[in-house]
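Given chain X, put chain S in place with the hints provided.
Single-letter residue listing:
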Amino acid sequence: VRRIAYHAPTTVEQAVALLATNAPRARILAGGTDLIVQLREDLRDWDVVIDAKRIPELTALTFTDAGDLHLGAAVPFYRIYGNQRIAQAFEALTEAARIIGGIAIQGRASVGGNLCNAGPAGDSLPPLLALGAQCFIAGPRGHREVAAAEFCVAPGRTVLAPDELLVHIRIPARLRGSGSAYLRFIPREEMDIAVVGAAAHLAFSDGVVTSAAIALGAVAPTPLDAQAASAALVGTTGNSESFQLAAEIAREISRPISDMRGTAEHRRHLVGVLVRRALESAAARAHATAV
Amino acid sequence: LTIIQPRVDRAGPVGTSPLRHDGVDKVTGRALYGIDASMPNMLIGKVLRSPHAHARIISIDTRRAQSMRGVHAVVTWKDLPDPGDQMLAANEQGEAPIRFKALNMIARDKVLYHGHAIAAIAAVDGQTAEEAVKRIDVLYEELPAVMDARAAMAVGAAILDPELRTRNGAAGDRLTNVALHMRVLAGDVERGFAEADVVIEREFTTSTIHQGYLEPHAATVYWRPDGHLLVETSTQAQFGVRSELAGLLQIPPSQIHVTPLEIGGGFGGKTTSWLETLAALLSRASGRPVKMVMNRAEVLLASGPAPGAYLRAKIGATNAGKITAMQVYAAVEAGAFPSSPLPRVAHCAAGLYDLNNFLIEGDEVLVNKPKTTAYRAPASPHCSFAVESVVDELCRSIGQDPLAFRLANAPKEGSLRADGSRFERIGMVECLEAAQSSAHWRSTLDRGSRPIRRGRGIAGGFWINGGGLSSVTARLNTDGTVTLLEGSPDIGGTRTSIALQFAETLGMAVADVHPIVADTDSIPTSGMTGGSRTTFATGYIAHRAALALRERVIAGLAKLWAVSHDDVRADSGLFTAGSRAATLKVAAQLLAGSGVDLSVTLSDRVPGVGPAYAVHIADVEVDEETGRTRVIRYTAVQDVGRAVYPPYVESQLQGGAAQGIGWALHEGYWYDSQGRLKNASLLDYRMPTALDLPMIETIVVEVPNPHHPYGVRGVGEVPIVPPLAAIANAIRDAVGVRVTDLPITPARLSAALAARDGTQGGATAQ
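Those sequence lines, one after another, are chains X and S. Going by my numbering, the final residue of the first sequence carries number 291, and the count climbs one at a time with no gaps. Going by my numbering, the final residue of the second sequence carries number 1057, and the count climbs one at a time with no gaps.
So here's chain X without its partners, still in its complex pose:
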């Protein structure tokens, strides 16, 4: 435990100014479920904490007229899985939000925090990648947008400069005839970090896959956009053979390690199982809503 300065700005500009003044020893606080633990365990030497929860843009959850979802970076997961429209449009995100931590954690932990923590096993990251999310970033030099797939660069590291702030995440409107799913493997029912996570997003038109995205968690230093696997699905009918092929490609391109949570071999094996199951689930959802 250390002595830290606490700020609670009410505008993005103020937050960015505080970051610029105090970088690199300042850190944004949303739910604090990662940050406070890291500070308590002395894993980080930040001594300025900037609470983002009083900035309206960071706590807003809105849909545009076109159906795009804008998720403020500090929106906690309970608001995500409690939202009916998200549940209908972005099933994978809802599924991830529902299994991150227990009730108490879900009341605090935010989607932006999960992204900025950049853990390889963060459960909301594969769904964001598979759903094509874009990250809207503010800094002293203005705004920029980065794809969720590009956001994490290494365990615990993101594209954010020390004086930049993740403001919101935009998920493009749901396509007709599409569906998504997120599956996580853990040995227990609860309390565990993902051993492997797999998100799938499929869109069909006239019985043919028109777009596909597969993203994996906990099998590489960052969430993995399994493009080679998803590419193999486009143009197929989304039958079990094509899903099996995509699962095998995903397994091939995963780069897991062995640690206390699982072995590399088992993780690789699980990628195959989870990708196939996630694709089956996403396809069933796409077909159920196609008509």
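Quick caveat, the hints were computed from the structure, so don't treat them as lab data. Where a beta carbon is used, it is the ideal one built from N, C-alpha and C, also for glycine. Mixed in with the good hints there might be a few duds.
Derived SDA-like pairs: lysine to any residue, alpha-carbon spacing no greater than 25 Å straight-line [claimed, not checked]:
id: 1; chain 1: S; residue 1: Lys969; chain 2: X; residue 2: Gly102
id: 2; chain 1: S; residue 1: Lys969; chain 2: X; residue 2: Pro155
id: 3; chain 1: S; residue 1: Lys876; chain 2: S; residue 2: Arg896
id: 4; chain 1: S; residue 1: Lys425; chain 2: X; residue 2: Glu265
id: 5; chain 1: S; residue 1: Lys425; chain 2: X; residue 2: Arg44
id: 6; chain 1: S; residue 1: Lys969; chain 2: X; residue 2: Ala264
id: 7; chain 1: S; residue 1: Lys969; chain 2: X; residue 2: Ile257
id: 8; chain 1: S; residue 1: Lys969; chain 2: X; residue 2: Asp42
id: 9; chain 1: S; residue 1: Lys969; chain 2: X; residue 2: Arg3
id: 10; chain 1: S; residue 1: Lys850; chain 2: X; residue 2: Gly119
id: 11; chain 1: S; residue 1: Lys969; chain 2: X; residue 2: Ile193
id: 12; chain 1: S; residue 1: Lys850; chain 2: X; residue 2: Arg3
id: 13; chain 1: S; residue 1: Lys425; chain 2: X; residue 2: Leu35
id: 14; chain 1: S; residue 1: Lys876; chain 2: X; residue 2: Gly102
id: 15; chain 1: S; residue 1: Lys969; chain 2: X; residue 2: Gln38
Beta-carbon label-pair distances, calculated as ranges [said to hold, decoys possible]:
id: 16; chain 1: S; residue 1: Asp1048; chain 2: X; residue 2: Gln38; range: 29 to 35 Å
id: 17; chain 1: S; residue 1: Asp316; chain 2: X; residue 2: Val153; range: 37 to 43 Å
id: 18; chain 1: X; residue 1: Ala5; chain 2: S; residue 2: Asp416; range: 17 to 23 Å
id: 19; chain 1: X; residue 1: Gly107; chain 2: S; residue 2: Ser972; range: 17 to 23 Å
id: 20; chain 1: X; residue 1: Asp47; chain 2: S; residue 2: Leu974; range: 24 to 30 Å
Frame of chain X, contents of chain S only:
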């Protein structure tokens, strides 16, 4: 909860479920636990722990820490007296030289495990102490770490203690990590195997396991200027803490005053002292009371887990289903210092069946892990895992029902024990019969369809149970209630289970008994709460104290009523002499101030221990694609002698089963290649949560212990014994593969399934 009772003549308090005496304090938060202790002017102590599994300490420089503002004391090994060759009657794991305990409390020239204490600091607050700990500079020379028993026994293995020689071994005077060799032979094993139609032998490994008590270790100590030591701590053994501190600090036990606070779980892990020594040294150095509390990582790194082990079990049986011989070898990890439950292996393995021929051997091996401590029925889960897995294979091999096979080979009165004695009345047959007629065993299991497969397993467990020294003081108050001081810390509801026995014997309401767990000055020495002994042994002493107190009341009334002692009769709490009569309450009032001594203190060793047996049935569901196992139905059957307080008994059965299921499927210390513990948190040391367990059904069988007035046997330990094999056998039944390494993680099971199918894509062990 089903209770199968031998008779129905029960009118007294024993066997009822009144409000527990400690209940209101605990649910209102009033009860004081180790972490709640506070003394005026108190400092906070923190520990510097080794980042290495095995290293020589070149130097310790505490100057930077010492000079920090707010730091009041820094201690290292130099502050602890050299204990020489003195011995310590440590705990139920046996006697050991104080030297080992001293070296475990604070490292001297070597660190022997990741987390080994090197120095401790007392400061005005925890933050300052933590910062100061970081400013202690230690130079290490890293040494190779030996992390499991077989590696430690291999030729050329790094040696933890160059002075160690094997006890009872033929090894002679040479360097070794083997502290003790054990060999127990009965009958003629070779002839037994020759008579068998089928002989099956398998090898097994189990991981280092933590008891997982929720309350971390906490101790608050004041070394007064007059040389007396005040200790408030969370412990199963206030007298054990006293004698350990006396040995370690070399001061007389009469100057040490240990108050056991409420205890948030122990399971054997709090049968010995931990932070008390360092807190005492810091208090002496600072002149102020010092409080120390471990965080969760420290609990996992540096308390006393249960040993990992390697086992080999070989059992022969006839085609008719009779066991002809059993041979078991166990290499048990002691941790960094000698003493382990190895001596129990003979009893625990041989006690599972009615055997004429058995050979049980083993080695106790030092490894670079924390020194192990007791955990519920030490060594018995390991033995049951090996033996009951092999028996399951034998039953499959000869085509016998596993329950019928066990009934045909069950130990009973007259069966041979590992020490050469014969069992008295025991209840394994009754447990098996209860299992056989249970709704669970008689139900049909839906075997599932790919990828989900279901299976059922059964396994038995045995535990010797403990007796030993217990003390109580009973005092009849003027209002007719009784204050009952007990020398046994209450970790499983023993205040009430002892009070029930006392109340029944004296013929009074249990609510009128006020049980108090006493400090070391308020009651004669008492053994620890452990070994499933407290309700049995301290209950027995309480029963005798009730009889003695009744005699005092009779004597007092005889004097008051001017009748002879023999004319006063006592029955169900009513005292009569001719036309005179007094209830206990009235007698208490009549005798108030009369000078008649209405208090009794009794302290004695309690013989007549009744061993415990259990049979568990597990249904599991395996996802063959992921290797994940779910427990979907579970029944624990146990002979408890007599259920003194049935809800406690049921909780013990359920808690033990839950911990055993965790041992089977999830739990295990995970070390990296340098011997550093990587899962020292409850996130990654995976104990089962409530969501991971089905409702554990319980069937309580009562086969009274003939040596106890209420038939009590110990209850708390044996329920952790059967789950390991019950789960492994159920998985075998579900998917056709036998996993012999614990925990049966999804990775391990997946690898075994891949081997079964001849496919890739599984995973190798760990």
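Right, here's what the structure says about each hint:
no.: 1; hint: S:Lys969 x X:Gly102; in the structure: 23 Å, holds
no.: 2; hint: S:Lys969 x X:Pro155; in the structure: 17 Å, holds
no.: 3; hint: S:Lys876 x S:Arg896; in the structure: 31 Å, violated
no.: 4; hint: S:Lys425 x X:Glu265; in the structure: 38 Å, violated
no.: 5; hint: S:Lys425 x X:Arg44; in the structure: 15 Å, holds
no.: 6; hint: S:Lys969 x X:Ala264; in the structure: 16 Å, holds
no.: 7; hint: S:Lys969 x X:Ile257; in the structure: 14 Å, holds
no.: 8; hint: S:Lys969 x X:Asp42; in the structure: 17 Å, holds
no.: 9; hint: S:Lys969 x X:Arg3; in the structure: 28 Å, violated
no.: 10; hint: S:Lys850 x X:Gly119; in the structure: 81 Å, violated
no.: 11; hint: S:Lys969 x X:Ile193; in the structure: 14 Å, holds
no.: 12; hint: S:Lys850 x X:Arg3; in the structure: 73 Å, violated
no.: 13; hint: S:Lys425 x X:Leu35; in the structure: 22 Å, holds
no.: 14; hint: S:Lys876 x X:Gly102; in the structure: 53 Å, violated
no.: 15; hint: S:Lys969 x X:Gln38; in the structure: 17 Å, holds
no.: 16; hint: S:Asp1048 x X:Gln38: 29 to 35 Å; in the structure: 43 Å, violated
no.: 17; hint: S:Asp316 x X:Val153: 37 to 43 Å; in the structure: 54 Å, violated
no.: 18; hint: X:Ala5 x S:Asp416: 17 to 23 Å; in the structure: 20 Å, holds
no.: 19; hint: X:Gly107 x S:Ser972: 17 to 23 Å; in the structure: 22 Å, holds
no.: 20; hint: X:Asp47 x S:Leu974: 24 to 30 Å; in the structure: 26 Å, holds
Checked against the numbered hints above, the structure violates hints 3, 4, 9, 10, 12, 14, 16, 17; every other hint is satisfied.
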